[in-house]
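Participant: So the chains spell out like this:
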Amino acid sequence: MRIPILRLERILLVSIQVDLTDNDAMQFQSDLVERVAEIEALGVAIDITALDVVDSYMARVINDTANMVRLLGAEVVICGIQPFVALTLIEMGRGLLGADCAFNLSQALEMLKRRIAERGDTRFIGDEDV
Amino acid sequence: MSEPLDPASLPIRSTLDIVTARHAARELCERLGFGKADQTRLATAVSELARNVIQYAGVGTCLIEDESDAHSRRIQVRIEDQGPGIPNLELALTDGYSTSGGLGAGLPGTRRLTDVFQIESVPGSTRVTIALVKPR
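Here the protein sequences come in this chain order: C and H. The first sequence begins at 1 in the UniProt record's numbering and counts up one residue at a time. The second sequence begins at 1 in the UniProt record's numbering and counts up one residue at a time.
Since the hints were made in silico from the structure, they are not lab data. Treat each hint with caution, since some may be false.
[Claimed, not checked] Across the chosen pairs, the derived CB separations fall in these ranges:
no.	chain 1	residue 1	chain 2	residue 2	range
1	H	16	C	4	45 to 53 angstroms
2	C	39	H	134	49 to 57 angstroms
3	H	125	C	117	56 to 64 angstroms
[What the hints assert, rightly or not] Covered stretches of chain C, as calculated for chain H (at least 3 residues, CB under 8 angstroms):
no.	stretch
4	21-32
5	42-50
6	81-90
Bear in mind the structure is a predicted one, so any value in this text is a computation, not a measurement. Beta carbons are placed, not taken as given, at the ideal position from N, Cα and C, and that holds for glycine.
Chain C with its partners taken away, still in its complex shape (with noise of 0.2 angstroms):
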């Protein structure tokens, strides 16, 4: 099972849609890592409207994925967790997820641009409103 990664510009989205195993998750976040290098993408948002469970496994890997996509220098935001997931996440501990979140897809490709525009990479994006 391969997670879809959908190119916009230098933004890339992805949406997760079923649940992950294991493998899965790690193919997902080697597959997403060497996309953003490919492209030099300068956001990437990753919707888990899908994710009715995230372990502590899932949330580190989406925590790491996070960080990786920031260290090879891309933006990124986490957007559509479940309000039970959330929950659970909370209760389970702190720190489990420390990247920048949004409520949907639109809020984060938003949060996206304006940050993208902040670090003065416009000229890159080919969009007009930012």
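Given the coordinates of chain C, assemble chain H onto it according to the supplied hints.
Facilitator: Showing chain H alone in chain C's frame:
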């Protein structure tokens, strides 16, 4: 009082079984009338424990049972393996402690998610029992 729902007995042999086990736990939890928050808590707890089995013992079993009675609804999950056991239980239940490079949130996190949390571990046998209980 209605008959208890059928138990689910599942093998834990691969990471795919972790997904199967947490789905089964959520399903029974839902059929017993637990809300979405409890379904998510139990599914997450089962996921943590099943992963421990894969990581430390390789194989094990997961038994999900309806233990409801006249006074309360109760869903119990027992996860067992014949692995090396947990050498230092107290330490394993401490936040941030991990022997596997994980977050160290597994066991202490699971304990916080469930109403009942029992663990027995000796070399060759580890058994974790968790349950959610709600008055009728």
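Participant: All the hints need checking, so say for each whether the structure fits it.
Facilitator: Okay, the hints, checked on the actual structure:
1. 16(H) <-> 4(C): 45 to 53 angstroms: Violated, at about 21 angstroms.
2. 39(C) <-> 134(H): 49 to 57 angstroms: holds, 50 angstroms
3. 125(H) <-> 117(C): 56 to 64 angstroms: At 59 angstroms between Cβs, range holds.
4. 21-32: Satisfied; 3 residues make the cut.
5. 42-50: Our answer is that it is violated, as 0 residues pass the Cβ test (under 8 angstroms) against chain H, missing three.
6. 81-90: holds (count 5)
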